[in-house]
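Enquirer: Chains as they are written, first to last, in the working numbering: chain V, 11 to 145; chain B, 7 to 638.
Some hints could be false.
[To be verified] Taking CB as the label site, the calculated pair distances span:
(1) V:MET72 / B:GLY242: 30 to 38 Å
(2) V:SER29 / B:PRO392: 24 to 32 Å
(3) B:ALA440 / V:GLU125: 30 to 38 Å
(4) B:LYS82 / V:SER109: 45 to 53 Å
(5) V:SER21 / B:ALA439: 25 to 33 Å
(6) V:GLU125 / B:TRP64: 45 to 53 Å
(7) V:SER21 / B:HIS38: 48 to 56 Å
(8) B:ILE332 / V:SER74: 56 to 64 Å
(9) B:ILE532 / V:VAL118: 37 to 45 Å
(10) B:GLY242 / V:ARG15: 52 to 60 Å
(11) V:ILE14 / B:LEU317: 27 to 35 Å
(12) V:SER29 / B:VAL335: 14 to 22 Å
(13) V:VAL118 / B:PRO540: 44 to 52 Å
These are calculated hints, taken from the structure and not from any lab test.
No residue lacks a Cβ here, since even glycine has one placed at the ideal position from N, Cα and C.
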Amino acid sequence: MNKIRKKRLVSVMTLIATSFLGVYLILSALNSNLDYFYTPSEIINAEIPNNKRVKLGGMVQMQSVIRDGTNISFNITDFSNSINVSYNGVVPDLFKEGSGIVAYGMIVDNRLIAENIFAKHDENYMPPNIKIPSE
Amino acid sequence: MIVEISHFFSILSAGLFFLAFIFSTRTYQGNHNLELLVNRIFSYGFYFIFISFLLYVWLAIQSDFSIRYIAEHSNKDLPTFYKISSIWSAHEGSMFLWILFLAGWSQLFNYLLSKNDLLKAPAIGVLAFIIFGFLIFLLFTSNPFETILPIAPINGADINPVLQDPALVIHPPFLYLGYVGFVIAFAYNTAFLIKGDMQINWEDVIRPWSLAAWILLTIGISLGSWWAYYELGWGGYWFWDPVENVALMPWLAGTALIHSLYVSSKSKVLRGWTILLSISVFSLSLFGAFIVRSGIIDSVHAFANDPQRGLYLLAFSAVLITTSLIFYVYRLPQLISKNLVVAKSKESFLSINNILFAAAIFAVMLGVMYPLIFDYLYDKRISVGPPYYNTIFAPLTFLAAIFLVFSVGSLWQRTSKLLNFKSFLSMSILFAAAASICISYIYQDFQWWFVGALFSGLLILIRYFLLIVDSMIKKSYFNKPSAIAHIGFGVLILATALNASLSYEKIINIKPGEIYKDSDYEFYLIDFDLINEPNYDSVRAKFSVKNIYTPNKTFFMFPEKRKYFIRGQITSESAIKITPYKDIYMTLGDQLDNGYWVVNIQYNYLIRWIWIAAAIMGIGGFAALMERLKRK
Numbered sequence: 011m012n013k014i015r016k017k018r019l020v021s022v023m024t025l026i027a028t029s030f031l032g033v034y035l036i037l038s039a040l041n042s043n044l045d046y047f048y049t050p051s052e053i054i055n056a057e058i059p060n061n062k063r064v065k066l067g068g069m070v071q072m073q074s075v076i077r078d079g080t081n082i083s084f085n086i087t088d089f090s091n092s093i094n095v096s097y098n099g100v101v102p103d104l105f106k107e108g109s110g111i112v113a114y115g116m117i118v119d120n121r122l123i124a125e126n127i128f129a130k131h132d133e134n135y136m137p138p139n140i141k142i143p144s145e
Numbered sequence: 007m008i009v010e011i012s013h014f015f016s017i018l019s020a021g022l023f024f025l026a027f028i029f030s031t032r033t034y035q036g037n038h039n040l041e042l043l044v045n046r047i048f049s050y051g052f053y054f055i056f057i058s059f060l061l062y063v064w065l066a067i068q069s070d071f072s073i074r075y076i077a078e079h080s081n082k083d084l085p086t087f088y089k090i091s092s093i094w095s096a097h098e099g100s101m102f103l104w105i106l107f108l109a110g111w112s113q114l115f116n117y118l119l120s121k122n123d124l125l126k127a128p129a130i131g132v133l134a135f136i137i138f139g140f141l142i143f144l145l146f147t148s149n150p151f152e153t154i155l156p157i158a159p160i161n162g163a164d165i166n167p168v169l170q171d172p173a174l175v176i177h178p179p180f181l182y183l184g185y186v187g188f189v190i191a192f193a194y195n196t197a198f199l200i201k202g203d204m205q206i207n208w209e210d211v212i213r214p215w216s217l218a219a220w221i222l223l224t225i226g227i228s229l230g231s232w233w234a235y236y237e238l239g240w241g242g243y244w245f246w247d248p249v250e251n252v253a254l255m256p257w258l259a260g261t262a263l264i265h266s267l268y269v270s271s272k273s274k275v276l277r278g279w280t281i282l283l284s285i286s287v288f289s290l291s292l293f294g295a296f297i298v299r300s301g302i303i304d305s306v307h308a309f310a311n312d313p314q315r316g317l318y319l320l321a322f323s324a325v326l327i328t329t330s331l332i333f334y335v336y337r338l339p340q341l342i343s344k345n346l347v348v349a350k351s352k353e354s355f356l357s358i359n360n361i362l363f364a365a366a367i368f369a370v371m372l373g374v375m376y377p378l379i380f381d382y383l384y385d386k387r388i389s390v391g392p393p394y395y396n397t398i399f400a401p402l403t404f405l406a407a408i409f410l411v412f413s414v415g416s417l418w419q420r421t422s423k424l425l426n427f428k429s430f431l432s433m434s435i436l437f438a439a440a441a442s443i444c445i446s447y448i449y450q451d452f453q454w455w456f457v458g459a460l461f462s463g464l465l466i467l468i469r470y471f472l473l474i475v476d477s478m479i480k481k482s483y484f485n486k487p488s489a490i491a492h493i494g495f496g497v498l499i500l501a502t503a504l505n506a507s508l509s510y511e512k513i514i515n516i517k518p519g520e521i522y523k524d525s526d527y528e529f530y531l532i533d534f535d536l537i538n539e540p541n542y543d544s545v546r547a548k549f550s551v552k553n554i555y556t557p558n559k560t561f562f563m564f565p566e567k568r569k570y571f572i573r574g575q576i577t578s579e580s581a582i583k584i585t586p587y588k589d590i591y592m593t594l595g596d597q598l599d600n601g602y603w604v605v606n607i608q609y610n611y612l613i614r615w616i617w618i619a620a621a622i623m624g625i626g627g628f629a630a631l632m633e634r635l636k637r638k
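Here chain B stands alone, though its shape is the one from the complex (with noise of 0.2 Å):
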């Protein structure tokens, strides 16, 4: 009965977001009294969506398995929290989600919008459309509230136990309100497009949108990579695995956005540009979830394969893309000013940034098709691995380090003297080049990536360290929010280019009662649990380990293998010992006849550094959002 009134309030909302989209195609003349009437449809369209899913989460609380989606993705036995979370852990669900917070989005902007801004109305009318749109694909191709009749199955299917994990049940929630909260940036500026009047500030309505979504994006995307990291046992943090890619275009055009939107409102040059950027991130969201969805790739992450699904995602896209940019085009003479970027001042450092942030959108996207066009045209199937774009990304990233760099102390809309002897730029070049020099001496690693990393991430490091020193003694204006979110940058680089350097495993023979000696570290397994769980069955080693130089501190390490009951998987737990400079990270492999198990120990140099840094960055953008809402 509940699943009935949550499919039917589906689809009410989806008749709700089409009448609103109806009506404001009819508020051209200014009538006020339609305007409130869409705004106040649209709400009513948000609610009923709102309380379709709460019921719907209700149901799967519930463990209702006449529900052939809660059926196949949950399990009695599971806790709540897991049985919430295994809405999102396939398609139907997950696109549920998804248009939640794409609804969610607009409702918020509709409701914190003033009523007096003159693109509010056909603003709300594009958000409207593409809610419709997608509600539309949710009814028709992926319906979760399909019934199994009429004899429910007593247990569900249970969900894949790697996505029993805390870090999951969240990952996909942030990733999704970053991606569907450029939506607003979207329907705004082509509402902007449409009305064509050139006196609109979209800039400022738009950023904080745009800085809100994008930090929501970076969370989303260090969730995705810290859980990949403990839970595939891979002992890596990022494979350049296709559905990793398209969150990454996203992210990077997002980020080159909410650079350039900056320049557009400070100095109204790059107009063009950034909305062509607003209309980009989006499009490259939907692609995403074309991708992910179609089952066009493949990858760990995609979901099942329907083309139909796929099809309708690509019209529907490519008749929001195209509608847009067909305005876009349009009006593209008078969006272009008059006023050009003068060289070398601030906005032409940021123009550059742009390009080469483009650059590596081209890139990406070149890696994740070029296979696809590959099999259509010679019938033959390749993959592009991880050297492909780690060999363009080392260079744009340092070129763009440097760029930034060169932004730091220089003038908006006046050319800026920087390279002068006694200038901070030319001590930055010169500490970081020195630093970065000793450095390579001491691990011994002159590889290209390794020395560019090093000096670039340390450029942003001593740049932005004799800023705020200089602001702080003559207590002089800096912006506070932008450092931090760059030495977030800056860390990065010099974090993911050590743990490449420094990391090594080893893969060792041992059975109870045996050490393994390393260089650094002793390893002693004492012996084996076995476990009974609810769900599962699990044999957990015991590891006693330690450091060689430190012989008092010993600690246990207990790796583990567990075997879940409904699926059968066996899934390995890694035992992670986390240290400031590495974590060790050890992996149970298979047990051989003579009773030597395999284990694979890796040490990962400085990886918690990567995550701390996507940390910074995501505070820096916080604070950069928090000072634009205390200005307004």
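Excised from the complex, chain V in its bound form (with noise of 0.2 Å):
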């Protein structure tokens, strides 16, 4: 092989290295940061393992709201299971009892201690996978 050959094979193999290790790299990035996104009813029968960030979506259940001081405790419901929430913050605007959510954190318990609490920016939100029964 002469020498212009072989420069440019090294740089080729150097291309085809360098773009796999970055196509590695996002994709393992990709892999530590997925959250997952639960039902109540989903989560009570998932395995989460523990420091794993979930998204706990349903209806904030009527009476469940408890306030104590900067911190606030209520219930996500799906109309068949529930899971007890705590969050130290203020909730956005749209959150109020009936209303539909996704909370942000960690089960601790069988609790979520949540880091973030989401409404959308529209009053008729319910998050995916929740059927609200007819009256």
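With the hints as a guide, dock the two chains, each given alone in a separate frame, to form the complex.
Expert: As structure tokens, then:
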């Protein structure tokens, strides 16, 4: 093999290796930062590793909101199961009993310690996979 | 009556654009009269859509609620300002505006481009086809002219209160102007690929257009970020929301495009890559329109869900992009330059950064699409959070900054000796390293991204500082617009890193008459005011705040909660005290049974500088545009 060809081969190999490395790094970053979305019924049966943050979606159960100082605790329900959520902070404006929300945080002893509470900017929003029973 | 005229003019415009497209396909033999006819028809197409839009604005100002769209998104009591902006507060009207801008850019191009330009007729043909396709989309799937008959409602349903805001009146127009501005590069390059005359300097034609679109897109994105910060009460400037991401992708591709165009026009290398980028930018803009308007992705920004619209947009975009790509692949052998990029030349560093930008776009695209793929494959809902984007963007940005600095003193088409001991580059690296270590010590933050951002941000600033001083002493030339824009980039890196590292928040309970003491500030809650406005009631807290170190200077802050009558929606209005170094950002929470209120106080460091940095980048782009126009 002559010199120029060898040089070319090396640069092509480096290019391929770098792009593989790049794709690998991006995919591993993606894999370790996925947040799974659950409904209360799903989360009861799910095995969630410690230190893993999840999203829990559903309706804020009626008469479940308890405020204590800057803390707020309430139940998220999908009308068959409910999970208790506690949060320290200001809840979104659209948060109220009966509204659809998503809480983000870690599960500790079957409770969700929330870091964030999301309410969509739409009064009629309901998180996916939640069916409101007709009255 | 007026609505029928407006509707009719839009239909007429669609017909004219279709005619312009058909005739343009017949101009191959260089029939000059036919070309003039195409240009004329095209202009009339624009005039009719323009008048149609003006009439629609008039209808919105008149609050004509016999039109369904206006009835559902406007209200009699709104100020005129918001009556107009209600047009782009939802899908149909904003699509109308989008198309108006598309036609506007195209007409400006039609008007300014010399009639002797060999690619004018085919480029106008491509543009006419695109505008026609979108007008059909508007008229058949998203008709803003639909009327409610026989009885019109007396009052409208109102615009969402969080959208009643000056920044949001101008945010969508700027964003759309930026998005669709890249259509010129797309159309002209597609025309170039169709004709296949390799002698044509398409780089010089599309550079100013791409630059102008890039500036507007930069402004549009920044305005959205600024609005979200003060209006939504979260106190952040970027959320990696899917819809933000689909605006970021064309911006990244557009940034790569204006740099790559520079390389191609200087030394005729990377032509194939540059054309691919110009196709990508517009494709990503179309992709953005598809994501936002199909309801496929759950987002705060997404418009109502309608699969039919999504399908049409997807099919039409696919036709445009594949056609363009087929010609691209066909012409690619001719496009590949025989000259290779010389190692360690200016082109080589710009090429590396092109690859980094492509990686960033790939990463964002993956983050947006992965939840959809995952849902499809495993029937499980996931989302990709900010940590993913931060992990990817931090190292890519640092690398891009370093190669940018390498490119500053390097030469076109020649290997540059950069790293000898006394060079400006070595000096910059030394200073930046020393300074970033010192700053990390001061703030006691040694996280890799923080140190990395300090180093790369300072590296850019120091390198350009040395360049400017050196050029002033030697009275030599340096690229001023580029220096301005890149200094903006350096400031952006520093501001985002310091903001992420230093900012913190406190959540407190307080009632009137009480004082809350923080490390630097004292917050005294005086009382609450109840305010009655025409369209909302409001509870407004009155805080007197003083800095412990300068107790004589007190200032007031008024966070409030509003309840809008028509929709019954409650919104928080944060109170923000701006200082050069940080913002104090106060949001009122709920009242507890014992009379206490929950209040959130955030200290957001250097957040203003993020938008200032974006503005500097925009100014740099504007200076570059002016320089190009002057040279012509």
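Enquirer: Look at each hint and say if it fits the structure.
Expert: Hints and how they fare:
1. V:MET72 / B:GLY242: 30 to 38 Å: Check passed, 31 Å falls within 30 to 38 Å.
2. V:SER29 / B:PRO392: 24 to 32 Å: holds, 25 Å
3. B:ALA440 / V:GLU125: 30 to 38 Å: Holds, since ALA440 of chain B and GLU125 of chain V (Cβ atoms, about 37 Å apart) stay within the stated range.
4. B:LYS82 / V:SER109: 45 to 53 Å: violated, 29 Å
5. V:SER21 / B:ALA439: 25 to 33 Å: holds, 30 Å
6. V:GLU125 / B:TRP64: 45 to 53 Å: Holds - the Cβ-Cβ distance for GLU125 of chain V and TRP64 of chain B, about 49 Å, lies within 45 to 53 Å.
7. V:SER21 / B:HIS38: 48 to 56 Å: Since SER21 of chain V and HIS38 of chain B have Cβ atoms about 49 Å apart, the given range 48 to 56 Å holds.
8. B:ILE332 / V:SER74: 56 to 64 Å: Given range 56 to 64 Å: holds, Cβ gap about 59 Å.
9. B:ILE532 / V:VAL118: 37 to 45 Å: Because 40 Å falls inside the window, the suggested range holds.
10. B:GLY242 / V:ARG15: 52 to 60 Å: holds, 53 Å
11. V:ILE14 / B:LEU317: 27 to 35 Å: violated, 52 Å
12. V:SER29 / B:VAL335: 14 to 22 Å: holds, 21 Å
13. V:VAL118 / B:PRO540: 44 to 52 Å: holds, 48 Å
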